[in-house]
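Q: Chain by chain, the residues run as shown.
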Amino acid sequence: MKVSLSAQHIVKRYSGVVALADGNLNVESGQVVALLGANGSGKSTLSKIITGVVAPNEGQLLLDGRPVTFASPQAAKKAGITAVYQELSLIPDMTVAENIWLAHEPLQFGVRINRREMRRRTDALLDLFSGAFHTLDADALVADLPPDEKQIVEILKAFSLKPRVMILDEATASLDSRQVDRLFNLIQQWKAENLAIVFVSHRMEEIFRVADRATVLRNGITVGDVAISETNERELVNLMIEASATPRRHERTVAADAPVRLSVRGLRTQALKGIDLEVRDGELLGIGGLQGQGQSELLLALFGAIPWTGEVTLSGEPVHFRHPRAAMEKDVAFVPGDRASEGLLYIRSILENLLLPSWQRYGIPLQLDRGRQDATRIADDLGLVRPSMDAPVSALSGGNAQKVVIGKWLLRNPKLLLLNDPTKGVDVGAKAEFYNLLNDLRQAGTAILFYSSDDVELLELCDRVLVLHDGKVSAELSGSDLNRANLVAASMGSGHMNHEPA
Amino acid sequence: MNLLRLQRYANRNSYLFALLLLVVVLAINYSLQPSLFELRVLNGNLRNWFPLMLLAAGQTIVIIGGGIDLSAGAMVSMVNALLVGSLLTAESTPDEVLLGALIACGAGMLVGAINGFCVAYLRLQPIVTTYATSFIYAGVALYVLPRPGGAIPADLARTYRSTPLDIPFVVYLIVLLILFWLALRATRFGQYLFATGGQPNAAYASGVPVNFVRFLTYVLSGLFAALAAIALTISVSTGNPRIGDKMTLDSIVAVVVGGTRLSGGQGGIIGTVMGIVILGTIRNIISFANVPTWSQTLVDALIIIAALTGPGLIRLIRRRFQ
Numbered sequence: 001m002k003v004s005l006s007a008q009h010i011v012k013r014y015s016g017v018v019a020l021a022d023g024n025l026n027v028e029s030g031q032v033v034a035l036l037g038a039n040g041s042g043k044s045t046l047s048k049i050i051t052g053v054v055a056p057n058e059g060q061l062l063l064d065g066r067p068v069t070f071a072s073p074q075a076a077k078k079a080g081i082t083a084v085y086q087e088l089s090l091i092p093d094m095t096v097a098e099n100i101w102l103a104h105e106p107l108q109f110g111v112r113i114n115r116r117e118m119r120r121r122t123d124a125l126l127d128l129f130s131g132a133f134h135t136l137d138a139d140a141l142v143a144d145l146p147p148d149e150k151q152i153v154e155i156l157k158a159f160s161l162k163p164r165v166m167i168l169d170e171a172t173a174s175l176d177s178r179q180v181d182r183l184f185n186l187i188q189q190w191k192a193e194n195l196a197i198v199f200v201s202h203r204m205e206e207i208f209r210v211a212d213r214a215t216v217l218r219n220g221i222t223v224g225d226v227a228i229s230e231t232n233e234r235e236l237v238n239l240m241i242e243a244s245a246t247p248r249r250h251e252r253t254v255a256a257d258a259p260v261r262l263s264v265r266g267l268r269t270q271a272l273k274g275i276d277l278e279v280r281d282g283e284l285l286g287i288g289g290l291q292g293q294g295q296s297e298l299l300l301a302l303f304g305a306i307p308w309t310g311e312v313t314l315s316g317e318p319v320h321f322r323h324p325r326a327a328m329e330k331d332v333a334f335v336p337g338d339r340a341s342e343g344l345l346y347i348r349s350i351l352e353n354l355l356l357p358s359w360q361r362y363g364i365p366l367q368l369d370r371g372r373q374d375a376t377r378i379a380d381d382l383g384l385v386r387p388s389m390d391a392p393v394s395a396l397s398g399g400n401a402q403k404v405v406i407g408k409w410l411l412r413n414p415k416l417l418l419l420n421d422p423t424k425g426v427d428v429g430a431k432a433e434f435y436n437l438l439n440d441l442r443q444a445g446t447a448i449l450f451y452s453s454d455d456v457e458l459l460e461l462c463d464r465v466l467v468l469h470d471g472k473v474s475a476e477l478s479g480s481d482l483n484r485a486n487l488v489a490a491s492m493g494s495g496h497m498n499h500e501p502a
Numbered sequence: 001m002n003l004l005r006l007q008r009y010a011n012r013n014s015y016l017f018a019l020l021l022l023v024v025v026l027a028i029n030y031s032l033q034p035s036l037f038e039l040r041v042l043n044g045n046l047r048n049w050f051p052l053m054l055l056a057a058g059q060t061i062v063i064i065g066g067g068i069d070l071s072a073g074a075m076v077s078m079v080n081a082l083l084v085g086s087l088l089t090a091e092s093t094p095d096e097v098l099l100g101a102l103i104a105c106g107a108g109m110l111v112g113a114i115n116g117f118c119v120a121y122l123r124l125q126p127i128v129t130t131y132a133t134s135f136i137y138a139g140v141a142l143y144v145l146p147r148p149g150g151a152i153p154a155d156l157a158r159t160y161r162s163t164p165l166d167i168p169f170v171v172y173l174i175v176l177l178i179l180f181w182l183a184l185r186a187t188r189f190g191q192y193l194f195a196t197g198g199q200p201n202a203a204y205a206s207g208v209p210v211n212f213v214r215f216l217t218y219v220l221s222g223l224f225a226a227l228a229a230i231a232l233t234i235s236v237s238t239g240n241p242r243i244g245d246k247m248t249l250d251s252i253v254a255v256v257v258g259g260t261r262l263s264g265g266q267g268g269i270i271g272t273v274m275g276i277v278i279l280g281t282i283r284n285i286i287s288f289a290n291v292p293t294w295s296q297t298l299v300d301a302l303i304i305i306a307a308l309t310g311p312g313l314i315r316l317i318r319r320r321f322q
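Protein chains in written order, with the numbering used here: chain D, 1 to 502; chain G, 1 to 322.
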């Protein structure tokens, strides 16, 4: 049975912030539509609206030409729309078969689960990927599976619902090339069976292999809908960035003779596949790329929070931190991206939050007066707007709360500062103050490694930007190469584009 | 392949440690009390343990679903008080006994539903909620039966103690309990239960009615508390409004000793049955080993802590070697 799904003029606002201003997407039976866009362009919001995970503020969805609204993911599933997400919806302590058939188990006499039938159908599904995995079988516990096999189970789980429209949201991210080949063969087969597929991916090469059409989002607006056969990588990248790519505002230089603070050779973790980099004192090195390409892992590894292999030298001295405390002792500081869960104790006072990493300096019993003086000095330096030092952090605005997160490390005078997407959810005014702070720190000679999911921020602040893709550095951009077009192209894993697009 | 299957079986059926412990404690008990496996002794032990076994069975279901029921013991007290204080007398006819048992079960399910409503739909914390409601149920027990006393028909106790085909009557009931569990596991509710306790968000995204499953676990816990109260009432043939108060923590300890994970999503009633036998046997050992009275509680506690550490240790060792 043929199907067509059309999202028209979708608007979605999250508490005042427009995530999607004019989202449009059309897909029909036997078609693969690639959904593309840079970070924050609204592609995940659009796919969540189609699958009923979030409700749109304006616009409409048409299924087979009739307007529909989905109150929940279940409602969308009933209408035949399923999604394969990256953040997995599997239950670790249950088997592969139990997970795939959860909530639509084959039954006997209307009550008893027919395990033999469930197993048979699971084996039939697994056969679709046979040869492309090692240990996967119907009775394996999901908890024991490697990430790629979990992803396969997730894909099969979505397919087991016999969908009419299937959304693959970065479903290939953890698959190896053989598994991707198999998935693409299946997609061809499913197309022939009248399935409509929306393919969200950051790998250009895959989009050109599998998609029939590409829909491009930019700043929440659908700016292009082109046939893959009539376009090329360059054209898609140009669609994804503003026609007038933001020029770099400031030229910055670091003294080439400044001492190298941090040097990394062949750093590997589960997500990273060999990273080399060097940061000098007073340098602000940006880490860019699409989200989830290993940027956070890189910073966490350097801070000793996750295990890694490779060579790291700090001021010429080889180090291998196995615990954040070891890194802290060498004057390394880490500012986490998720303020609420990693950066702050919300119900405790500003004073306590600022002093948390530094208590050991204040002796036994704690010299509270000296601590209060130091904390107040830092708070004043940062221009922290506060009711009092004893007010809970929860009373502060987002920007001021972010200052506390950074301030608690400044008390320790860090020589190397690791920033993990620190301006996420911070308002514009607070961002500007934060940028000034970073510049002051650079003037003082602090080496800064700065991961940001905001491309503009990287372009405006950094001397050099390393773009990560799939756990590797796909480009190192500096000078005139550091522009929007190159940044986006490198994020998508495609080759280095040396010139500004026309 | 066989080794892999065995390993998977061990992973899924977390009561293997309990089984080992069971053999050890039974062996120790047997060496101290050679009459342990004689029908009379066996029957006596099982009869004493069975009410707690039922209560812990209900507790198991709640814990697998990701909750906990601290009102279990108070529900036992309440149903015991209802049975002896208002539903039955020593002269009740079999019809009245049946009706009384049904009303008791209904009362258990009703108070279980109150717990379930508060936890599943009002989203209150299970520990605090069921601790608070336990005082309500204990209050009802004292209201219905202000002081210990009362009686029930003597025939009931006679049946409960009987040994048809030279097998204690209680053994048949335990077999029924295990069959109930296996049947439950074979239904969709069984899958939902483990999914809800294991990863509620993923379960919700997969279409599992997470709230309703949580609600039902508490209703089932109430039902099992009522059944436990009926068994206990028959066993002691009298009423006491505080009879179940101490059973709550024992029921939780038995569940954990039986290999059910306290954070939910893993375990089963078969392990809990073993957990109860282990707890009971440990107490036998203490009384037969001439442990001085004043340190019995201490020894009891130490052994339970050791038993609780076991499954965690195994998991730790397994992770080390992976």
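Among the hints, erroneous ones may be present.
Unchecked claim - Part of the chain D face toward chain G, derived, beta carbon under 8 Å: (1) Lys77; (2) Ser89; (3) Leu90; (4) Glu105; (5) Asn439; (6) Arg442.
Think of the hints as simulated: they come from the structure by calculation, not from any bench. Treat the numbers as computed from the prediction; the structure is a model and nothing was measured. By construction, the Cβ of each residue, glycine as well, lies at the ideal position given by its N, Cα and C atoms.
Q: Can you name, in rising order, the numbers of the hints this structure does not satisfy?
A: 5, 6
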